[in-house]
Every structure is written in C-alpha cells, then in structure tokens.
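*Asks:* Produce the entire structure from the sequences given, and follow the hints as far as they go.
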Amino acid sequence: MQSRLKRVKNSMKAKGISAFLVSKPENQIYLTGFHSSNCQLVLTEDTNYLLTDFRYIEAAGALAPLYHVVLTDANVTLYTFLKDIAIEELAIEENILSHGEYKRLEENVGCRFLSGDGIVETARIIKDDTELQAIKKAQQIADRGFSYMLNYLKPGLTELEAAFELEMFLRKEGAQALSFDTILVSGVRTSLPHGVPSEKKLEKGDFITMDFGCIVDGYCSDMTRTVALGKVSQEQKEVYNIVLEAQKNGCDAIRQGLSCRDADKACRDIITDAGYGEFFGHGTGHGVGLEIHEAPTLNARSDEVLEENMIVTIEPGIYLPKQFGVRIEDLAIVTASGIINLVKSDKELIVV
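Residues 1 to 352, numbered by my numbering, are exactly what the sequence shown covers, in order.
There's no promise every hint is true.
Said to hold, decoys possible - The list that follows gives simulated cross-link-like pairs (lysine to any residue, SDA-like), each with its CA atoms no further than 20 Å apart:
1. Lys-9 x Asp-73
2. Lys-6 x His-68
3. Lys-154 x Glu-131
4. Lys-83 x Arg-104
5. Lys-103 x Glu-93
6. Lys-6 x Glu-131
Unchecked claim - Pairwise CB distance ranges (calculated):
7. Ala-300 x Phe-113: 32 to 40 Å
8. Ala-62 x Ser-233: 39 to 47 Å
9. Gln-133 x Thr-77: 31 to 39 Å
10. Glu-94 x Arg-301: 20 to 28 Å
11. Glu-26 x Tyr-102: 55 to 63 Å
12. Glu-94 x Gly-230: 50 to 58 Å
13. Thr-335 x Lys-13: 24 to 32 Å
14. Gly-230 x Glu-173: 37 to 45 Å
15. Gly-205 x Asp-346: 16 to 24 Å
16. Pro-321 x Phe-54: 51 to 59 Å
17. Tyr-79 x Pro-321: 48 to 56 Å
18. Tyr-102 x Ser-198: 36 to 44 Å
To be clear, the hints were calculated from the coordinates, so they are not data collected in a lab.
Glycine residues also receive a C-beta, built at the ideal position from the N, C-alpha and C atoms.
*Replies:* Right, dumping it as structure tokens:
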C-alpha cells in the first residue's frame, strides 16, 4: 500500500493538490485494502485519514495501518471533519460524486474544489505483484469453470440453467463474487454481444457463447469462449476461424510500446479483410482489475500506449443478426516482449 499511496501523493503534488477526497469504492480498496459500504478517504500532504462508522471501525484499524481512522457518528461527519482540519482546497472525484453530494460538500464545507478525476485510476493501470497474483487466481478458477461446462452442456438445458450452473461452480471453487453478470447465449442469440441468459433451450447445431469471470481478493478475471453443441454449418466454422485468426493476431501483436489503436487494428483488419468488418462493432479489449472495465481501452480511437504489467483483454467478435455470433476472449499481462496469456483454455473450435 505504501508504494500505491506514494504514486498517488506524487500525482497530487504534481497537480498542486494539497488535499484529496477519495470516494470511489474501488479507489478506496486500492489505497487501503479495506472493503466497506461506508468509507471516505482524505489524503493530505502528510496524513492519510479513513472515515467510517462503528460497523467497520475495528476492521479498518486492523486492515489500514497507514491511515488515521476516524469514527463517524451523529456528531462527527465528513463535513465537520473537513472543517476541523481547516482544508482550504479539496480535490474531489467529480465523476463519482453525485450532484447532491457535491452540493452538500459545497454548502457544509465552504472550501474551493479542484478536480481529482483520474488520479487513482491512472495509478491503478499498472498492476503490482499482489494484484497480478489475485487476477491469476481468479482466472484459474474461470478456466476450471470452462472445463466443467464442456462436460455439463447438453441439449434441453436452458441458457439460465447453464449460466446458474457455471456461477455455482465458480463459487464452489473459491470465487468471492462474479466479475459481472454471466453472458451465456445460444443459437441465434449468440449474435447479441451482451445477451442475457434466457429460457431458450440449448439445441444441437447451436453455437454457445460464454463470457464470464469471477473475483478473488477483489480482483476480476474475464474470458469468453464460443463452443459448438454438436455439428455446426460450414459458415459457422468459417466465421469462427476468422475470429480465431483475428484474436491470435491481436495476441501476437500486443506488447509494451504498442498503441491501443494498433492493438485494435491487429484484430480488426483480419475481420474487415474477410468481409465482416461491419459485424465487429465493439473495441478489441479493455483493462481489467478491481473493476471489470478499466483503462486502457483497446479501440480505434484510443491514444493510450500499452505498458508492462497492464492487464488487458483481447476479444474480437463477429455478430450476424438473427443468425449467430462468435467471440473469443483472452486475458493477458502486457510485457516488453509480448503477453503472458492467463487464459489456458483451448480456443480452437470445440464440439461438445
């Protein structure tokens, strides 16, 4: 935590910020290792404060030793605390605070406000060893979940039943939560990039797309595989192989120093050249960490440049409306020479 705080404090100093209110839960967890439903961090040049209520005061003292823990109650609030420490300027996370929260700060504290947007998120882009280990563990559970589902999927199950089985397996394997609502769609519904599992029954000849992940120690995993339930058409195989080629090309291209725009291009050009460009309507990937969608963003508009120990997804797809869709997604660590792919599951077309 010391090194994380140091990076944030250095950024504060560079921006001329003497006090910073951190309100975003994921940013609070990043800087403390402490999870709660009621927490505020106030960082100053020489002191770190953690404000929380009676329910969490003991845990905060044990888990956040770098912070002076302040008990909030009917008499001590964030507003009275900020007044007591005589803050004249306060950086806030403008994109996190609601309009109502901002107005209450303005009315009750009476200091000048600066923007602290992006300060902690920028620090979070490069993962440290603790973060990498948590993400690796989460992805290992997800890989085991995929292997389990290959033996579980069969005609007659509904998408909802299959999704629930996958989620239960992840929990039993040690997942603390899901990274996001599981996407498990089949047949014509695979053309929905973010389709919601339904009562549709799995049928022979269906593609089944599973996009899922789980959380370990607060950190997310993310993977997608499309599999065939029995024999599929030649067109389905051809589209699958185009997506597979694009995905592999993206994996081969990504390394430290590559622009996110060029990472996207490595996948997109393969699909476009095959005549399916209009059916690949989302970006190639995104960062993953405490949140399932973080910086950097791998798309055609991104000016970001990949750096070592970023975690990114590589997930091109083709979606043919009212026919079928294919997406293949890996989760990888960026290195100077390429990637370390954390997803060990086979991505050649699997028939179950």
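*Asks:* Checked against the structure, which of the hints given earlier come out wrong?
*Replies:* The structure breaks hints 1, 3, 8, 11 and 14; every other hint is satisfied.
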